[in-house]
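Order-wise, the sequence lines are chains A and B. Quick note: the first sequence uses this note's numbering, first residue 1, plus one each step. Quick note: the second sequence uses this note's numbering, first residue 1001, plus one each step.
Honestly, the hints are just simulated from the structure, not real lab data. Each hint can be trusted.
What follows is a set of in silico ranges between Cβ atoms, one per label pair, in the way DEER data are often shown:
no.	chain 1	residue 1	chain 2	residue 2	range
1	B	Q1217	A	H254	21 to 31 Å
2	A	R259	B	S1313	54 to 64 Å
3	A	H254	B	E1149	17 to 27 Å
4	B	R1104	A	P34	23 to 33 Å
5	A	E149	B	S1313	16 to 26 Å
Partner residues aside, some chain A positions facing chain B, computed with beta carbon under 10 Å:
no.	residue
6	T97
7	P98
8	A100
9	E101
10	T229
11	H254
12	G255
13	D284
14	G316
15	H317
16	A334
17	S335
18	P337
19	W338
20	H349
21	A352
All residues carry an ideal CB built from backbone N, CA and C; glycine is no exception.
Given next are the chains, with one letter for each unit.
There are 2 protein chains.
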Amino acid sequence: MEQAQIDTVDLSVVSEDPACSETALPALDSWITPTERFYIRSHFSEVPNVDVSSWSLKVDGEVERSLDLSFEDLKSLPARSAVVTLECAGNSRSYVTPPAEGLRFGHGAVGNAEWTGVPLHELLSRAGPKKGAVEALFEGTDAGEEEEEGLTLEIEYARSLPMAKAMSDDTLVAYLMNGEPLEPAHGYPVRLIVPGWYGMASVKWLRRVSLLPRPYQGFFQGRRYVRITDGESRPSWEPVKSVGVKSLITRPRHGEVVRQGEFTVHGVAWSGDGAIEGLELSTDGGRSWREAELFGPESAGAWRRWKFPWTPSTPGHFILMSRAVDSAGNTQPASIPWNFRGYANNSIHTIAVEVPAE
Amino acid sequence: MEQAQIDTVDLSVVSEDPACSETALPALDSWITPTERFYIRSHFSEVPNVDVSSWSLKVDGEVERSLDLSFEDLKSLPARSAVVTLECAGNSRSYVTPPAEGLRFGHGAVGNAEWTGVPLHELLSRAGPKKGAVEALFEGTDAGEEEEEGLTLEIEYARSLPMAKAMSDDTLVAYLMNGEPLEPAHGYPVRLIVPGWYGMASVKWLRRVSLLPRPYQGFFQGRRYVRITDGESRPSWEPVKSVGVKSLITRPRHGEVVRQGEFTVHGVAWSGDGAIEGLELSTDGGRSWREAELFGPESAGAWRRWKFPWTPSTPGHFILMSRAVDSAGNTQPASIPWNFRGYANNSIHTIAVEVPAE
Chain A
1 MEQAQIDTVD
11 LSVVSEDPAC
21 SETALPALDS
31 WITPTERFYI
41 RSHFSEVPNV
51 DVSSWSLKVD
61 GEVERSLDLS
71 FEDLKSLPAR
81 SAVVTLECAG
91 NSRSYVTPPA
101 EGLRFGHGAV
111 GNAEWTGVPL
121 HELLSRAGPK
131 KGAVEALFEG
141 TDAGEEEEEG
151 LTLEIEYARS
161 LPMAKAMSDD
171 TLVAYLMNGE
181 PLEPAHGYPV
191 RLIVPGWYGM
201 ASVKWLRRVS
211 LLPRPYQGFF
221 QGRRYVRITD
231 GESRPSWEPV
241 KSVGVKSLIT
251 RPRHGEVVRQ
261 GEFTVHGVAW
271 SGDGAIEGLE
281 LSTDGGRSWR
291 EAELFGPESA
301 GAWRRWKFPW
311 TPSTPGHFIL
321 MSRAVDSAGN
331 TQPASIPWNF
341 RGYANNSIHT
351 IAVEVPAE
Chain B
1001 MEQAQIDTVD
1011 LSVVSEDPAC
1021 SETALPALDS
1031 WITPTERFYI
1041 RSHFSEVPNV
1051 DVSSWSLKVD
1061 GEVERSLDLS
1071 FEDLKSLPAR
1081 SAVVTLECAG
1091 NSRSYVTPPA
1101 EGLRFGHGAV
1111 GNAEWTGVPL
1121 HELLSRAGPK
1131 KGAVEALFEG
1141 TDAGEEEEEG
1151 LTLEIEYARS
1161 LPMAKAMSDD
1171 TLVAYLMNGE
1181 PLEPAHGYPV
1191 RLIVPGWYGM
1201 ASVKWLRRVS
1211 LLPRPYQGFF
1221 QGRRYVRITD
1231 GESRPSWEPV
1241 KSVGVKSLIT
1251 RPRHGEVVRQ
1261 GEFTVHGVAW
1271 SGDGAIEGLE
1281 LSTDGGRSWR
1291 EAELFGPESA
1301 GAWRRWKFPW
1311 TPSTPGHFIL
1321 MSRAVDSAGN
1331 TQPASIPWNF
1341 RGYANNSIHT
1351 IAVEVPAE
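Please model the entire structure based on the sequences and the hints provided.
Given below as structure tokens:
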């Protein structure tokens, strides 16, 4: 099968090895993020090159009947499509103070795509979960080395979900992205899509689903994607799960020179804990806030676009800030409590622009 | 005259052109910063290579008698020494949010050195300031190109001081740094030293002092080293002058792994507006603060060292913060009001360290 090359227009490289890229914010200013602009988060040196003719998806563990499905078997099952926002847990890490451990993602490790595949519960129901199953473990084809406390570990990428989330209608075993077969960098031939959770849960190059009698504690579950805060008076160690409510200003860009006259500020907003209910914009560095207009398609698990007509009052420098509120009443903080790897930074997006004298 | 090469140990390059370097924080953990570790802020491609035999210092403008002093003339005048902290106005710019325009200095564009030279008022008294003189303008030998609004400008480095500051006992025309002739990068043969003001006032490669009948508005006075904040509801345009109260944790380093048991946290603190009266340290991310001990030499215009014995209560990650108070009652803010070029960031220094289980 011919695989198109990932175009690097509007994608910038965050790391060569592992291959990670993020999207320029103006390129996020649409409902659907085109595949060639979608952020990439790999964990190992090698991007798996899966031969679909020999690939199969195994379903085993605490099940009545193990399954071993070919790509054709999978595609013959009932499918659905959903538009889902994926955000890397390390998105916006560069703006955490003091600097946090990990790849230096800006704000562009997020995107919104249409995913098509088989609801995971279709597979699990066919396999018949046993009573004792508490989690579903997902194994990718990707493997390699990780450094940990001076040791080099040989590991495979794997993550688990609680059974309730695994059985949710929305959790998909996806084989199309924006209507096309997945690109290799996005998990070809098959990846998991877990709406509402940070991207690490949406395991790429999926090859096995195992139901477990007890919680999984592997490397990418117990050593990474964990919010470690400080230990003095409030030790805390908390796995990263659902996506915090967040918004980005996509236009103008930080540092842009904006002409006098009306300018429409654009952006996107999303939350793993509910629908976006409102978006407030400040054009005076947070001293006052006004409601922006939410517009465009609305779909559970997907971001919402917003816009705000702005007429700068004078020439000068302006500080624009966006703050979203979700249906659970969550809003964005000025800054997040610091955590060692800088995960889940959903603080208010702030940019500065210049309006020159005519 | 033989000029030693600047050693790059403990100095890291911030910019190749113009040549700018900053000091690693552990290398700031002493009363005097050795010259070879002292930060460098140049403004142009070329570092002046002044021939001292043909160099002279002119004093002119609104004076009764113009002067033209050779290096030997200057050295024959009454001299004094003072230990003075210099901090670049762009120090800590990298930690301003959103990102500010300018070179990406971390926290290391600061240092404390002994400077020896002639008090400027000795020269000005000999020249006889006229009644109409309101400012003293200082011209350096450095010149080159700057980009501004799409234009390339050919300019020389020049800055002014109000007469009162120029006539202060403390303002020096210095020719020794830490007891040795100035290095070329630090202004050989002669530079101004203006205690209490950000480094841009301490003009290097000084060649002329002119008393002016009206305030100077040249490039590095009116277009740079100006705090431009936002224009929506509180337009602000304010030249950067005196150094805001500030402190740094020099040991441990951000990200350091610290063994269990007692550890002495070290640092430095300074202010352009008075003596350092106290230093508070938090080891729990700002929830509680305790007094550190100020120690070592005390001298007007110089930084003060401080230390704090800390016994981490548990293994884990810890967030350390330092906050100085000066004799004018100023203290460090959690963050500064954003300004376009990120000048004068004196916000609380925050680092994270890890204490492993034994």
